[in-house]
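**Q** Residue strings, one per chain:
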Amino acid sequence: MAATFHGVRATVAALSSSSSPSNSFGCKRLISSPSRSFSVRKRASFTVVRSDGSVNFDLNSKGRRAQQLIANAVATKADSSPASSSSKPGHELLLFEALREGLEEEMERDPRVCVMGEDIGHYGGSYKVTKGLATKFGDLRVLDTPIAENSFTGMGIGAAMTGLRPVVEGMNMGFLLLAFNQISNNCGMLHYTSGGQFTIPIVIRGPGGVGRQLGAEHSQRLESYLQSIPGIQMVACSTPYNAKGLMKAAIRSENPVILLEHVLLYNLKERIPDEDYICNLEEAEMVRPGEHVTILTYSRMRYHVMQAAKTLVNKGYDPEVIDIRSLKPFDLYTIGNSVKKTHRVLIVEECMRTGGIGASLTAAITENFNDYLDAPIMCLSSQDVPTPYAGTLEEWTIVQPAQIVTAVEQLCQ
Amino acid sequence: MNGASCAAKISTQPFSLNPTSPTSHDNPLVSPKPTSLFLGSTRKLRLSSSSKLNLHRRSGTVVAVSDVVKQKKSKSTPSLLITKEEGLELYEDMILGRAFEDMCAQMYYRGKMFGFVHLYNGQEAVSTGFIKLLKQQDSVVSTYRDHVHALSKGVPARAVMSELFGKTTGCCRGQGGSMHMFSREHNLLGGFAFIGEGIPVATGAAFTSKYKREVLKEADCDHVTLAFFGDGTCNNGQFFECLNMAALWKLPIVFVVENNLWAIGMSHLRATSDPQIYKKGPAFGMPGIHVDGMDVLKVREVAKEAIGRARRGEGPTLVECETYRFRGHSLADPDELRDPGSHLNPFFSQVQKCHLIQCRAASLAAEKAHYAARDPITALKKYLIENSLASEADLKAIDKKIDEVVEDAVEFADESPVPSRSQLLENVFADPKGFGIGPDGRYRCEDPKFTEGTAHV
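Order-wise, the sequence lines are chains E and P.
Mapped onto UniProt numbering, the consecutive letters of the first sequence carry residue numbers 1 to 413.
Mapped onto UniProt numbering, the consecutive letters of the second sequence carry residue numbers 1 to 457.
Since the hints were made in silico from the structure, they are not lab data.
Treat the numbers as computed from the prediction; the structure is a model and nothing was measured.
Glycine included, each C-beta is placed from N, C-alpha and C at the ideal position.
Take these hints with a grain of salt, some might be off.
[Claimed, not checked] Facing chain P, a subset of chain E residues (Cβ under 10 Å, in silico):
#	residue
1	Ala160
2	Leu164
3	Gly195
4	Ile200
5	Gln233
6	Asn255
7	Pro256
8	Glu283
9	Ser326
10	Lys328
11	Gly336
[Claimed, not checked] Dumping the calculated DSS-like pairs for lysine-lysine here, alpha-carbon to alpha-carbon at most 27 Å:
#	chain 1	residue 1	chain 2	residue 2
12	P	Lys381	P	Lys400
13	P	Lys396	P	Lys132
14	E	Lys136	P	Lys250
15	E	Lys310	E	Lys341
16	P	Lys368	P	Lys382
17	E	Lys315	E	Lys341
18	P	Lys210	P	Lys132
19	E	Lys310	E	Lys340
20	P	Lys304	P	Lys212
21	E	Lys136	P	Lys212
22	P	Lys212	E	Lys131
23	P	Lys210	P	Lys250
24	P	Lys210	P	Lys135
25	E	Lys131	P	Lys250
26	P	Lys449	P	Lys400
27	P	Lys210	E	Lys136
28	P	Lys217	E	Lys136
29	P	Lys382	P	Lys217
30	P	Lys217	E	Lys131
31	P	Lys449	E	Lys340
32	E	Lys131	P	Lys210
Take the sequences, apply the hints, and build the full model.
**A** Put into structure tokens, the structure is as follows:
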């Protein structure tokens, strides 16, 4: 099975057509979430630990390494701006490098953290998320497995039950359909059936979503299948910043976490802090505050939404864009506050319509915030069809920015 | 036949990927008699041993290590296979398994436990023979037929019975049930109800042992994992995938097949192209051993060697224990299917059919009677008494003690409280933040309704 596709090549110029300006736009985070000063809240938007308080520039080994990686990446991605901005704090890297950095830091921090999956070791991972880790940590901590998804996922679960903290990579998340039994029965339920005796601190991650003409099986939208498994958490990363922060948080979580990455986002570039930080697994991310309508989205659709937002702003609308990030459970606080402010909700997802994340989100908003809604919730999902190969058909399968603009205009009438 | 040298050859060359592996000698196709295609079948064995046709179950030169062990023992050391203490421990464990399961049947019919309850009667020699050799830190991974594995591993009868009653004092607080027994304290990793899904988990536990020793530098970590499963599982992909990975990485695991000849109503012979499961070990570069699973002493000898190999870091072993369940698949199974006529495969040749038609004479009753006559507990009892390792009185005392243990377990389970509502949401997430953030900005698990178990999740 498993046609080995050339991941990096497939994601080169990932966002070139649909969201080239998105780096400057979508990756801007609101560092502090607005009006959240509950004294009882134990959580923070993210944790910044300054190890020494000083900002290191070129002498910082991490910064230097990151620059080297960027140099490599730039070679394959000509359109990215070189911007030799070593004077700014932080370091610039691509999303797959951010994932690797998070993984590497956690492996350094805790020797129980290990990685297993197909071609993650010597080959470096199909999308190079684990490149170089086998050399650094050895073949046991970065375990190349045979092509046996159900069994190596189960093995990760057994290892997690007995004290390790494995990160299992699905070469393509779709392949993990072959591991669905292990993910559902053992990853999700075993903590409960064992009466709480065994914990499964495992991370299951990998590339998914609709890529560029990869065909139906490699263009899966698995979140709808996975969301109803009890006992697991599911997050989707969308920027280098949150990719690293969510990776680290997922590894540190005592719960099994599925981390969804998108094949078309791996080459997104962003400047991220040099300091150690993690993201909150349960929290949504405010991407663009606004007044007129709440747009809830996640993963790659964030960039379609931001592209649409530009048009909408030109047309006089002020949309609020939230990357829900946690697909299970939903951050009802962030979502609720937004609904109470705008009274209108548009959900934009790549997931299939039937039984999708949008459907669950619609239900949750209706249950909790129905009184605040001035219009029925609109949900733009991808079509309930197997992802077609042909470029035109594929494009019509997933939501396009123009549809988002139309939907907002309709909602705000 | 030179069994000793052959078995030694297998066990000393476990990782040989030599194309002329021992299995090639065992090819039934080159066997002298045409009917030998099925000489290796368990069915034949039943006939041969009952009708004294002297047909060998195992054609060729791959020989059960148990025979070797016996030969070795009888030649080199005239002493007995076990000490008195060991004998009594084995006897007590087997009696506990049998008495516990018989009590389960009673309690099930009395409406004290529900669902699918799979009893272990008849297979006790396997659980006892293997698990009694383990240390507390060693792990056991079981199937849906897991009560007795739990008991052998040291989980108290009270905790197992209480779990079956669905009580909060059960080993999984009543959240697991018959097919999901776990004990962290005793390193019982489950209790897996789907066929084959426990094998990868067991492989993962064995991987942890290796990882602890080699990465975390816990030099004294020599923990072994036993994976128990049945003949039906041996046609499942996870079995093959894990044999491969375990041999590839030399993991400290023993794959224990409890071949009771039946996968619910599917005869092993109708489901399996080559019914000799132990032969699949050498195909993956690990020793494959067949042992009489109705003889606890033989099982124990083979287990000793296999567990020892794993503990010494010499890699995995596949052990096929030929055994028999005395009851139906579960207490919900009327057990009407175990009829020899159903063995007939429409694709069998005429010769094969002729042979098998003879088998029809052997009725279901005969099959059962044959194995009942080889009841592992009766056999051990006989051995202990004949070798003056125990007196009738000794054994009677154990029987009585176990009766009391089981009675006590029932009483304990009966009197234990059912889980309260507050338990409902407690173990969904190890970190209850997994329930997420509510509309008020607080983690939902902080809501009193969550601790009460009344929250809507």
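**Q** Confirm or reject each hint.
**A** Cross-check of the supplied hints:
1. Ala160: Nearest chain P Cβ about 7 Å off; hint holds.
2. Leu164: holds, 5 Å
3. Gly195: Nearest chain P Cβ about 4 Å off; hint holds.
4. Ile200: Holds - the Cβ of E/Ile200 comes within 10 Å of chain P, reaching about 8 Å at its closest.
5. Gln233: holds, 5 Å
6. Asn255: holds, 5 Å
7. Pro256: Because about 9 Å separates E/Pro256 from the closest Cβ in chain P, which is inside the 10 Å limit, the hint holds.
8. Glu283: holds, 7 Å
9. Ser326: Since the shortest Cβ distance to chain P is 7 Å, the answer is holds.
10. Lys328: holds, 8 Å
11. Gly336: holds, 4 Å
12. P/Lys381 <-> P/Lys400: holds, 15 Å
13. P/Lys396 <-> P/Lys132: Holds, at roughly 21 Å.
14. E/Lys136 <-> P/Lys250: holds, 23 Å
15. E/Lys310 <-> E/Lys341: holds, 21 Å
16. P/Lys368 <-> P/Lys382: Holds. P/Lys368 to P/Lys382 sits at ~20 Å (cutoff 27 Å).
17. E/Lys315 <-> E/Lys341: Status holds; Cα separation ~20 Å.
18. P/Lys210 <-> P/Lys132: holds, 23 Å
19. E/Lys310 <-> E/Lys340: Between E/Lys310 and E/Lys340 the Cα gap is close to 23 Å, so the pair holds against 27 Å.
20. P/Lys304 <-> P/Lys212: The hint holds at about 23 Å.
21. E/Lys136 <-> P/Lys212: holds, 18 Å
22. P/Lys212 <-> E/Lys131: The hint holds at about 24 Å.
23. P/Lys210 <-> P/Lys250: This hinted pair holds, its Cα atoms lying about 9 Å apart.
24. P/Lys210 <-> P/Lys135: Holds, at roughly 17 Å.
25. E/Lys131 <-> P/Lys250: Holds: E/Lys131 and P/Lys250 sit about 26 Å apart, inside 27 Å.
26. P/Lys449 <-> P/Lys400: violated, 48 Å
27. P/Lys210 <-> E/Lys136: At roughly 19 Å apart (the allowed maximum being 27 Å), E/Lys136 and P/Lys210 satisfy the hint.
28. P/Lys217 <-> E/Lys136: holds, 17 Å
29. P/Lys382 <-> P/Lys217: Roughly 47 Å between the alpha carbons, so the hint for P/Lys382 and P/Lys217 is violated.
30. P/Lys217 <-> E/Lys131: Given pair P/Lys217, E/Lys131 holds - Cα atoms ~25 Å apart, limit 27 Å.
31. P/Lys449 <-> E/Lys340: Distance of about 24 Å is within 27 Å: holds.
32. E/Lys131 <-> P/Lys210: Judged against 27 Å, a Cα distance of about 24 Å means the pair holds.
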